[in-house]
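Undergrad: This is what each chain is made of:
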Amino acid sequence: MTRKIQDLSPEEVLALAISIEQSNGKALHNFAEMFEGYDNKVSKLFEEMSMEENNHEKLLQQMFQRKFKGPVPTVDRFDIEEVVEAYDFDDSEHLIFDSLKAKQVYQLAYEAENRAKGFYEKAAETVKDKELADLFKKLVSFESDHAAWLEEKRK
Amino acid sequence: MSESINPGPFPAPIPGASVIPQPLPKALTQPPPPEGFRIDLLKTFPWLKWLVKQRWFQFALILPNLFLFLVFLAAGIWGTPVGNRNILIVFVWIFWWFLLISALVPFLSRIWCTVCPFPFFGEWIQRGSLTTPKMANDGGKGTKVGINRYFGWNLRWPKALSNIWMQNISFLLLCTFSAFYLTRPIVSVIVLGSLIVVATVLHVIFRQRAFCNYVCPVSGFLSLYAMSSMTEVRSKDADTCLKCHDKSCLVGSDKGWGCPWFNFPSKMERNNYCGMCMECVKTCPHDNMTVRLRPFATDTKLKGYDEAWKAFIMLSLALAYSVIYLGPWGFFKDVANFTESGKGINYFIGYAICLWSLPLWIIPSIFSSFLWVSRRVAGAPPKPYPLVPLGLLAWIAFSLPLIFINGSYILVTMSDPFGWGWDLFHTAHTAWSPILPQWMPAIQVAIMALGLALTLKSTFKQAGKLYEDAKAKVRFAIPMAVLMTSIVLLFIQLYVN
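These protein sequences, in sequence, are chains B and D.
Residues in the first sequence are numbered consecutively from 12, following the working numbering.
Residues in the second sequence are numbered consecutively from -4, following the working numbering.
Don't take each hint at face value.
No farther apart than 25 Å at their CA atoms in a straight line, the calculated lysine to any residue pairs in the SDA-like style are these [stated by the list, open to error]:
(1) Lys52(B) - Ile200(D)
(2) Lys250(D) - Ser54(B)
(3) Lys378(D) - Asp109(B)
(4) Lys48(D) - Ile34(D)
(5) Lys129(D) - Ser54(B)
(6) Lys139(D) - Glu59(B)
(7) Lys55(B) - Lys139(D)
(8) Lys250(D) - Phe100(B)
(9) Lys112(B) - Glu264(D)
(10) Lys298(D) - Phe108(B)
(11) Lys139(D) - Phe108(B)
(12) Lys164(B) - Leu70(B)
(13) Lys37(B) - Pro84(B)
(14) Lys231(D) - Arg14(B)
(15) Lys52(B) - Ala159(B)
(16) Lys37(B) - Gly137(D)
(17) Lys129(D) - Gly48(B)
(18) Lys231(D) - Glu122(B)
(19) Lys166(B) - Ser110(B)
Short, incomplete list of chain D residues facing chain B, as computed with Cβ under 7 Å [what the hints assert, rightly or not]:
(20) Ile142
(21) Arg151
(22) Leu237
(23) His240
(24) Lys242
(25) Phe257
(26) Asn258
(27) Tyr268
Since the hints were derived computationally from the structure, they do not count as laboratory data.
For glycine and all other residues, C-beta sits at the position ideal for the given N, C-alpha and C.
Start from the sequences and build out the full structure, keeping to the hints where you can.
TA: Structure (structure tokens):
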């Protein structure tokens, strides 16, 4: 049975954020694998972003240890209704026609991070628990930094 | 991003014109709900779901087809040179063609690609396996594509050729010389045999189904007309795909190969490049891919000039073939088959020039003229998509007489495939008897009328998306409606006469 993100406890929210970064890292790595040999430049970009997501995961793990200590509960993106942050192509036929340009790759990532930021912002406004609201605000700041980094890359 | 792939000859509306603002390009959001009904066939028929998930599914379909194909080639080499007595000519150019264009494509999309024998040997070499996928991390030899392992060079198809122009040209070439191979079994063997050889070689050199996507002349028109088909392979829930990190439909898994057609199945919105191989149905770890029934003529997005010109080519050739092969003017048939008729090669060259000019220049020019009129009177030009269902129905109308008039030869050659006097099923002496010849023009007219209705519906729908004002909608639609009606009347005139 899926839950809404506002119904999660603060530990579960952070665990979810860790899981999302982990999952995105895998998805980006899979994209990198697919473009290897097809367009090595794009493959490298996806791999670069995959490693960045892995770094985000480590930072969130450290945040969890500082705040809550103990093992990270198992919560993944399929446990909640909403889609918080997901990297995906916007067209099924990139590999048929003309691959992706670097700017498009960064655009995909930028949109994903902005969506996550927007999602956490809305969650911070609507949730009643103060500790949870503070956590969502921290995640907003986290995602904002990522979005800013990607915005620079897009230029 | 798909909006940016198609430059289109169709500029944005004139500023100040009363146009409904277009939605922003889609990012990572839920796609709009599909228009029209959708019936999940794999949910409705659990046995079908079980079947398509079997690793041996595609091989079990290809094998008998390959056997038949080899029998046909053998008949072409050793059988009678008399066309209507040779199973190759009758079954391929009459029966298969009719089945393909009138039944398989309109109802089952690119299901022919599922069973096609052309890529069989090449794909077998490339995969090193008939059914079981190979994994890149199992320590075996080969090249990694996604997380599967392939043999061969697996080079990327050249970017400059990553379109369907080669298929457009190869189909035009085939049609130009059609009179030769449609009547001569040995020439058909050369044509079809060459395609198998080319497919095999390209599978060894390039990644996955590069031959099918970029070279095969049959694939070219299948990609266009699959847009009108009543079957689609799609993801069930977009959020499930977004949340998935495996992306197995794209990169493969131990359950199956990554999409051989270079598609990203979870994001598929149109049928053009889906070969219905069902690998994505097998590999999806969330059981989120399915096959659905939908209304006719659902996909409406043409990307790029290559696809737009494919629509022009197919419609033009339906018209040309109706004149050459169904018309009362024997002159055209003689010119097309000049080595038998005795007409000089100069006539043939003139015929070839006319045949190529029609789809590459004349029809597009006429279309552009009407687009110009639309732009002048309404501020925006319509998209060329309505040519797709109209072209398909024109080909169906052309193909019906093939089977209705020549269908009895199917029974004859079934029993005597080589023309050697066999009678395997006791039908070798079936007398030639056309089916409902007196009704043929009426049936063809009805089909073309349906084509016109669909075309007009699509054009007015485009108008509805762009304009709120009823008069503006009419101004937008009228020029294209006039053009399409004229084309249909031309076809009807040919069939009725």
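Undergrad: Under the criterion that the straight-line Cα-Cα distance not exceed 25 Å, is the pair Lys250(D), Ser54(B) satisfied?
TA: holds, 24 Å
Undergrad: Between Lys298(D) and Phe108(B), is the straight-line Cα distance small enough, at 25 Å or below?
TA: holds, 10 Å
Undergrad: If you take the shortest Cβ to Cβ gap from Tyr268(D) to chain B, is it below 7 Å?
TA: holds, 5 Å
Undergrad: Just to be careful, I want the Cα atoms of Lys250(D) and Phe100(B) compared with a cutoff of 25 Å; is the pair within it?
TA: Holds, at roughly 23 Å.
Undergrad: Do the alpha carbons of Lys37(B) and Gly137(D) lie within 25 Å of each other, as the hint requires?
TA: Judged against 25 Å, a Cα distance of about 23 Å means the pair holds.
Undergrad: Holds or violated: is there a CB of chain B closer than 7 Å to the CB of Phe257(D)?
TA: OK, holds: Phe257(D) within 7 Å of chain B, min 4 Å.
Undergrad: Holds or violated: Lys52(B) with Ala159(B), Cα cutoff 25 Å?
TA: holds, 22 Å
Undergrad: When you check the alpha-carbon spacing of Lys378(D) and Asp109(B), does it fall within 25 Å?
TA: holds, 22 Å
Undergrad: For the pair supplied as a hint, Lys112(B) and Glu264(D), is the alpha-carbon distance within the 25 Å limit?
TA: holds, 21 Å
Undergrad: If you draw a straight line from the CA of Lys231(D) to the CA of Glu122(B), is it 25 Å or shorter?
TA: It holds: about 23 Å lies between the C-alpha atoms, which stays within 25 Å.
Undergrad: Hey, Lys139(D) versus Phe108(B), does the alpha-carbon distance stay inside 25 Å?
TA: holds, 21 Å
Undergrad: Once the shortest beta carbon distance from Ile142(D) to chain B is found, is it less than 7 Å?
TA: With a minimum Cβ separation of about 6 Å from chain B (threshold 7 Å), the hint on Ile142(D) holds.
Every hint, counting from the list given before, is met by this structure.
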